[in-house]
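Engineer: In case you want the letters, here they are:
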Amino acid sequence: MRVDGDAMTIDTEAAGPDEPLGNVQPGRFERFLAVLGDRLNAILVKETRQALKSRQFVTTFGLLLLCGWIWSLAGVAIIGPAIDYGTHGPWMFFGYYLILAFPLLVVVPYGAFRSVAAEQEERTYEMLSITALGPRQIVWGKLGSAALQMLIFLSAITPCLAFTYLLRGISLPTILLIFFYTGLGSLSLSMVGLFLGTLTTEKYFQVIISVLAAVGLFLAFWGGCVLVQEILRAEEMLQLSDAWFHQEFWIGNAAVVTLVVSYFALVFEAAAARITFAADNRSSRLRIVMLAQFALFTGWMAWGWIISGGYHEILWTYLIVAGLHWYGMGAMIIGESPDLSLRVRRHLPRSMFGRVFLTWFNPGPGTGYMFAIAGLLGTLTLAVVALELLPVWPAGQSPSPAQSYVNARWFAAMGLCYVVFFLGLGLLLNRAVRKFSRVGVTTAVLLQVLLVVLFCGIPAIVHSMTWEPHRSSYSAVEVASPIWTLAYIGQRGMPVKEKSLIVVLVPLAALVVFLLNLPGVVRELRFVRIAAPKRVMEEDAELAAQKVPPRPTRTSPWDD
Amino acid sequence: MITSHPMIELQDLHRHFGSTRAVNDVSFAVARGQVFGYIGPNGAGKTTSMRILATLDSPTAGDAYVDGFSVIDDPDRVRRRLGFMPDFLVAYANVNVHEYLDFFARAYRLRGKDRPRAVDRVMEFTGLDKLAEKPTTALSKGMKQRLALGRALIHDPAVLVLDEPAAGLDPRARIELRAMIRALANQGKTVLVSSHILTELAEICDVVGILEQGRLLAVGTVDEIHRRHEDPRSLVEIRLLGDAASLGKWLAERQEVDDLVLDGQCVRFSHRSAPKEDAALLRAMIEAGFDIVAFGTKRQSLEDVFMTVTQGLVQ
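These protein sequence lines map, in sequence, to chains A and B.
Sequential numbering of the first sequence, starting at 847, is according to the numbering used here.
Sequential numbering of the second sequence, starting at 934, is according to the numbering used here.
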């Protein structure tokens, strides 16, 4: 070891010009590659280096190639001379798909999960977390590494898949579509795997999550295989080779991709939020994604509603998904801490407009409660507007029964009340529990599950104990049960006998719970922006000064 | 830029794990370029407070600052100027020494020529340049410690937090590590270092803090702590020609002498006095006709002070 007084000085500011190696000047392409390599995500570089040396990757890749070759030889041998006459493409393709789907849908996503979980177990994540890498860069790096492995596996089996096209019976669009969705599925599952890896640092929970993740991935693999088998069977009927030229093909796929991408973004933000430091804002981005996700869904539903001329199934799908979406998201958001860190308070909206419209994106259970209610209310308002527009629709005639729309209005109104009531009750319970224990998202969601089970289970037990023949399947006891009541309204409309009870009791309960929560919401609304500490402002000013280009020196005496 | 604030500051820091108060109201400050020795028995709260400084844990109450930035509210700014070396090595499988340091250089956003330059200098400084291609998992304990130090240094941080850097090192590596820490301090880096080897800390630290059961019992320069907590007595050992009993009798009459022990031609006793009075005593003995062959005094070391200040309590 050489220690020479002050010898160790790393001067990161004074980088000299690039020095050529010997007399050889690097070409433009080499320089471009050097710059590109320099800008690559640090984790992607490290994990690629690790993966290329790892036994797991080499074994998987070797097995993939070997299986591909064995299947090619075995398949050709089995088909025999008939290879010139028959259509054996789908059969061979399915074999190759099985070989490819296992690494893509099981190995790569599980590897992504283990990559994060192992960093937590071996405490390497701690050292990673205190570098200059942000949480999103960490997630992107891990995801990039999974995507790279996926591409390598895909490239290994691509010649085999191309070979199946020559065997006839399978169209190019089908091959590309299956490729595309398998890749998308692999990436999405890897994203979920990364999120699961961030969930806990406790070993026993990690073991449980590992088992659940493995089971889920095997199910995804099995589901993917079944789906591909069905697509191959229906290849001729669907005429996918002509699909490229049909508008519906593109619209349908765009809708699916939108859905997958929006959930991908949500899980990505959730994973990044999990590894962000405690004082940072972990909530606002998630709320923006939730809103954007639902706006996209609303757009697709509106499009379907318009082209179908107001088909009632679309409206019902919209209402049910809206209720579940906002209730589910609300159940998680109300588990946030009511205390805003000083860091978050530095960035609170300041203007009147900002405080009115953007406060609901601030972290906190109260603002989250209002955010979920406002989201659902907005959704239902859109649905009501769509219903009101129905009579003047250009098509003129609704393809659906009028009673269905009446039911939809009741369903929307009562659904909103139930969501307000359950989220509000959960919020009150969270506040009570917080007095003697920590409350997080998991606790808040578990409390919601408990509430729903209680409010639906008890009426169901009472109903079954007092069952009489010829009696209506709905009674006053069921008012407490959102599932029972909403299902009844959806299928048969408002129960005649209990209508007044439902119309009074459910909104009243929602109103009372809402009012009880208002003081907590107001407390969160009182948070105002604070100035950043002096030291932070000093550094920001220094950094800003470095970014401003120096003013040109005036050389002309005529310049002022 | 010369800063008016301390480079490290802990303000009323608390960290509780259930009923255990791992860190209990700890406050101190470390100025730029100082080496602060953090000492205390196992479970005293050293690692916990160091982890809070490194933004790996959050305090229950209070705050800590690095270069004026709060570890709670601005951990991202703290991380840019802090290098942390934990008491365990963080090695990656299938990664060699060069790749390991290159990865962390990338993670600290060193670009272009800065990155290989930083990696090379760190490898040279820590003596790892000969082991560049060696897998990190195959390194010896000492080499792993050097690698961990190299990782903490890769982005040239102004503040270094080193948790037990000498643990498990052989004597030579310890001496080298001590020299490295001093060299870093000479460059103006602020170093917070914990160790169980108190003699080493006493040599390299400007300021020392003694922690027990989460409480900071003493803080200051090594001399200040000596003065504040040291027993004013010195232990004196005399070897003489002739009869030790007569010297014993002579000493027993003096009020400042205690704990007198006669051992052949040796006399040992404790002397309540300053070093100047030790010299006066020696002169008096010679003038009294005793043939003194050897006269030695021993003042308390940092280890003695540590034993006096702490009570060996665990929680």
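No lab work stands behind these hints, which were simulated from the structure alone.
Keep in mind it's a predicted model, so treat the numbers as computed, not measured.
Every residue gets a Cβ at the ideal spot worked out from N, C-alpha and C, and that includes glycine.
Treat the hints with care, since some could be wrong.
[Unchecked claim] Listing some non-contacts, in silico: residues in chain B with all C-beta distances to chain A over 12 Å:
1. Asn1029
2. Tyr1041
3. Glu1170
4. Ala1213
[Stated by the list, open to error] Listed next, the in silico DSBU-like pairs over lysine-lysine satisfying Cα-Cα at most 30 Å (straight line):
5. B/Lys1077 / A/Lys899
6. A/Lys899 / B/Lys1209
7. A/Lys899 / B/Lys1046
8. A/Lys1393 / A/Lys1380
Engineer: Can you give the numbers of the hints that this structure goes against, from lowest to highest?
Structural biologist: Violated hints (numbers, rising): 1, 2 and 6; every other hint is consistent with the structure.
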